[in-house]
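Peer 1: Chains as they are written, first to last, in my numbering: chain A, 1 to 294; chain B, 1001 to 1420.
Don't read these hints as lab results, they were simulated from the structure. Just so it is clear, CB atoms sit at the ideal spot from N, CA and C, and this is done for glycine as well. Nothing false has been slipped in among the hints.
In the DSBU-like style, the derived pairs of lysine-lysine whose C-alpha atoms are separated by at most 35 Å in a straight line are:
#1 B:Lys1206 to A:Lys125
#2 B:Lys1403 to B:Lys1213
#3 A:Lys125 to B:Lys1213
Cβ pair distances, simulated, as ranges:
#4 A:Phe6 to B:Glu1263: 21 to 27 Å
#5 A:Thr283 to B:Asn1412: 57 to 63 Å
#6 A:Ile72 to B:Arg1176: 53 to 59 Å
#7 B:Val1134 to A:Met145: 55 to 61 Å
#8 B:Glu1235 to A:Pro282: 48 to 54 Å
#9 B:Ala1337 to A:Ala268: 44 to 50 Å
#10 B:Asp1285 to A:Leu152: 32 to 38 Å
#11 B:Glu1383 to A:Leu111: 52 to 58 Å
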Amino acid sequence: MASLAFVIAMINGINLGSIYALIALGYTMVYGIAKMLNFAHGDVIMAGALSIVVLVQQFHVHPVLSILISVILCVALGVLTEKIAYKPLRNSSSLSVLITAIGVSYLMQNLAQILFGSSLRSFPKVFHWPSMILGSVELKMDRVMTIAVTFLLMFLVLLFVYRTKIGLAMRAVAQDREAAMLMGVPMDRIISITFAIGAALAAVAGFFFGVAYGFVGPYSGSMPGIKAFTAAVFGGIGSIPGAILGGFLLGLAESMVKTFVSSELSDAIVFGLLIVVLLIKPTGLLGKEIRDKV
Amino acid sequence: MPHQSGTVFLLNFTVPGTVKDKLTKEWVSKMRFVKKGAFITMMLLVAMVLSACNQPTPAAKNVETKKDVVLKIGGSGPLTGAAASYGTSVKQGAQVAVEEINTNGGVQGMKLELLFEDDAADPALAVSAYARLVDKGMHVSMGTTTSGAGMAMTEEVNKDGFLMVTPSASQKEITRFDNCFRVCFTDPDQGTYAADFIADHEVAKKVAVLYDKSSDYSTGIRDSFVEQAAQRGLEVVSEQAFTSQSNTDFAVQIQAIANSGAELVFLPIYYQEAAMILKQGSTLDVTFFGVDGMDGVITQLGAEYADLAEGVMLLTPFAADSTDEKTVHFVKLYQTAYQSTPDQFAADAYDAVYTITAAVKASGVKSLDEKDFNAKLVAAMTEITVEGVTGTMTWSKEGEPAKSATAVVIENGKYVAYKK
Chain A
1 MASLAFVIAM INGINLGSIY ALIALGYTMV YGIAKMLNFA HGDVIMAGAL SIVVLVQQFH
61 VHPVLSILIS VILCVALGVL TEKIAYKPLR NSSSLSVLIT AIGVSYLMQN LAQILFGSSL
121 RSFPKVFHWP SMILGSVELK MDRVMTIAVT FLLMFLVLLF VYRTKIGLAM RAVAQDREAA
181 MLMGVPMDRI ISITFAIGAA LAAVAGFFFG VAYGFVGPYS GSMPGIKAFT AAVFGGIGSI
241 PGAILGGFLL GLAESMVKTF VSSELSDAIV FGLLIVVLLI KPTGLLGKEI RDKV
Chain B
1001 MPHQSGTVFL LNFTVPGTVK DKLTKEWVSK MRFVKKGAFI TMMLLVAMVL SACNQPTPAA
1061 KNVETKKDVV LKIGGSGPLT GAAASYGTSV KQGAQVAVEE INTNGGVQGM KLELLFEDDA
1121 ADPALAVSAY ARLVDKGMHV SMGTTTSGAG MAMTEEVNKD GFLMVTPSAS QKEITRFDNC
1181 FRVCFTDPDQ GTYAADFIAD HEVAKKVAVL YDKSSDYSTG IRDSFVEQAA QRGLEVVSEQ
1241 AFTSQSNTDF AVQIQAIANS GAELVFLPIY YQEAAMILKQ GSTLDVTFFG VDGMDGVITQ
1301 LGAEYADLAE GVMLLTPFAA DSTDEKTVHF VKLYQTAYQS TPDQFAADAY DAVYTITAAV
1361 KASGVKSLDE KDFNAKLVAA MTEITVEGVT GTMTWSKEGE PAKSATAVVI ENGKYVAYKK
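Okay, chain A solo, but in the shape it has when bound (with noise of 0.2 Å):
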C-alpha cells in the first residue's frame, strides 16, 4: 500500500513540477537576459487560462483553437508590458523595477477581476482524454499529457537557446550586454523575444494548470507564481536547467509532504527545505556556473 501511494505521489509531483518548470523557464531566462524579476509572470498563467475558458464559454470558440489564440494572447501581454512598463525602466535600479513589476502584477489580477469577475470559473473540456489503468494505480492522462508537453517544451527552449543564433545572441546578452551591444546584438529585440517565449511558457502551463485543478480565477496565478520563483531560486536562478530541476524538485517535495507528512503543513516544511537549501547553496542548485547563464 505505502509504494502505490509513493508512485501516486511520484505522479502527481511530476505532474505538478511540470507546470511549474514551465512557469520557472520564463522567470528564469527573464532574469538572465533582463536582470529583472518579472513578478508579474505568474498572472501571466492566469491571463492564459481565463482567456481559454472565456473564449471557449462566451465566444464558443473552438477548445484546441482556443489554446492557441491564448498562446498568442499572452505572448502580447507579455512583449507589451515589458515594452511599455519594463523598457523606460531599462537603466533604472533594479529595485524600481522589482516595484514596477509587482504593480503590473496588481494591475493584471484586478483588471481580469473587472472584465471577467472575482468568482472561480469552471474551466471547459478541452480533450476528453481517458484513463489510463497499470497495474492497481490508475494514470489520468491528462497528467501523462502535461509530463509530454512539458518536457518536449523544455527540449525546444534548450535547442532554442543553445543551437539557434538568436539563442546565441540570448546568451551573449545575459553574459554582458554591453559588450553584446557592441558586437551589434539587438538588445531591444532580444529582450522582447525572451518576454514572448517566458509568456508563450506560461500560457501553455496555464491550460495544464486549469486542466489539472479545474477552477481558473483572477488570483489563480499568484500561488503557481510565487512556487514558481521559488523553483527558479532554487535551482539557481538565471540558470534554464536549474529550473527545470528546481520546478521538478519543488514539485515533487510538495507532492510527498503532503502524502507521507501533513498536507496542511506542506507549504511551511517545502519552503523550509528550500531555505535549508539556500543557506548551504545560496547560489541555488545549479547557479554556480555563469557560463549557463541565460
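Let chain A serve as the given structure and place chain B on it in line with the hints.
Peer 2: Below, chain B without anything else, positioned relative to chain A:
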C-alpha cells in the same frame, strides 16, 4: 493630496502687495497652484452648501412619513466576490417576501422596504455597510449573510439595539447578544444533525471528512460531526484537511480517501472548493455529503460538469422541489421574479423577513417612533412561531431557532428529498 496642502496654505497665508513684485518665477508657479487650491476649496464649499439645502427639513420629512409609513429592513451580504452567490440569493429571497407582504397590505399598517448593501463577505466592509444602512434609516436589521463578516458588525447592532434576524450567518457567536437571532442552524448544530441524519437513514457506515482547517466555519462543523459520529457508531476512517493557501490541488486528499475505503465523504466546506473536489475526485466511488455551504455547487460546476453533482447530498431544511404548499408558492414567486430556482439562502432570507414581520405583529407596536420600539420587537421574538419555507420555527432567548433538519439529494440538477 497636493491640492489639499495648497488649500491649507491659502487659509493661513496672505501675500502682502509689496512683496508681490519680488516674486520669483518659482513663486509664481506656486501661487498658481494655490489659486487652483482656492478654486477647488470654493467648489467644495458650494457643493456642501447645496447638498445641505437638498436635505429635507424635519417638517418636510414628517409630511412624507404620514403618507406611507415604511418599515425599513436592512441587510448586507456579498454581492461581489467569491461568495457572491450567497448575498444575491439572500437579497432576492428577502425582496420576494417584502413584495408579497406589501401586496397583502403590509404589516400593522406599515409597508416594508428592503435596504441591501454589498459587504463582499468582508468584516470591515460589513461594518461600513451597516453604517450606511443606519444612515438610510433602517429600523430592523437582517444582519449579514456570512458569519465571518458578521462578527464585528453584530457589536454595532448590539450597541444600537436593533432587532437583528440573520438569515444565514451560522457561526455560534453571531447570536451572542440578546438582540440577535437567526433563521439557519448554527455550525455545530449542522455537524451534529448531519451525523444524526447519516446514522438514522443508514446512508453509510464508514465516513471520511475533508475540511478547511483555516476556516472557523469548517472546523466548527467538523468538530461536532466527528463527536456525534462517534456517539452514533459511524466510523470516521479518514480525516483530510486543506487550508485557504492550499485549496486548488486535492489529489493527495482524494487519494487518501480512496485508500481508506470510505463510503461517504463529509464536506463541511463552501461550494467553490466542493466543486473542485467533485471535479478532481470524479473517479471516487463515494457519496459526497455537504451542509449549507454546499448550496450553489451546481451553478459553480457549470452546465458542462453539472452531472458531477448528481447524487451529492446536503443537509438543508429547504428543498425547492418539495410539494409543501408554502414552498411551492415561494418557488413560483421567486422564479417569476428572477428566472432561477431559489436555494437555501434565498429561503432563509424569505423566512427572515416573515420572522421580522411576525415579531412586529406580536410586539403590538403601532408606530416606528414608539418608545422602546426595538426592545419590544426583541421581546416578541421568543413568543412567536413562524411557519416558514425552512420549517416551523420558534426561538430561544439565545437567538437559536428550533426546527427539524433534513437532507436532500441532487437528482437531475434539482434538490430532491432523500428517501431510503
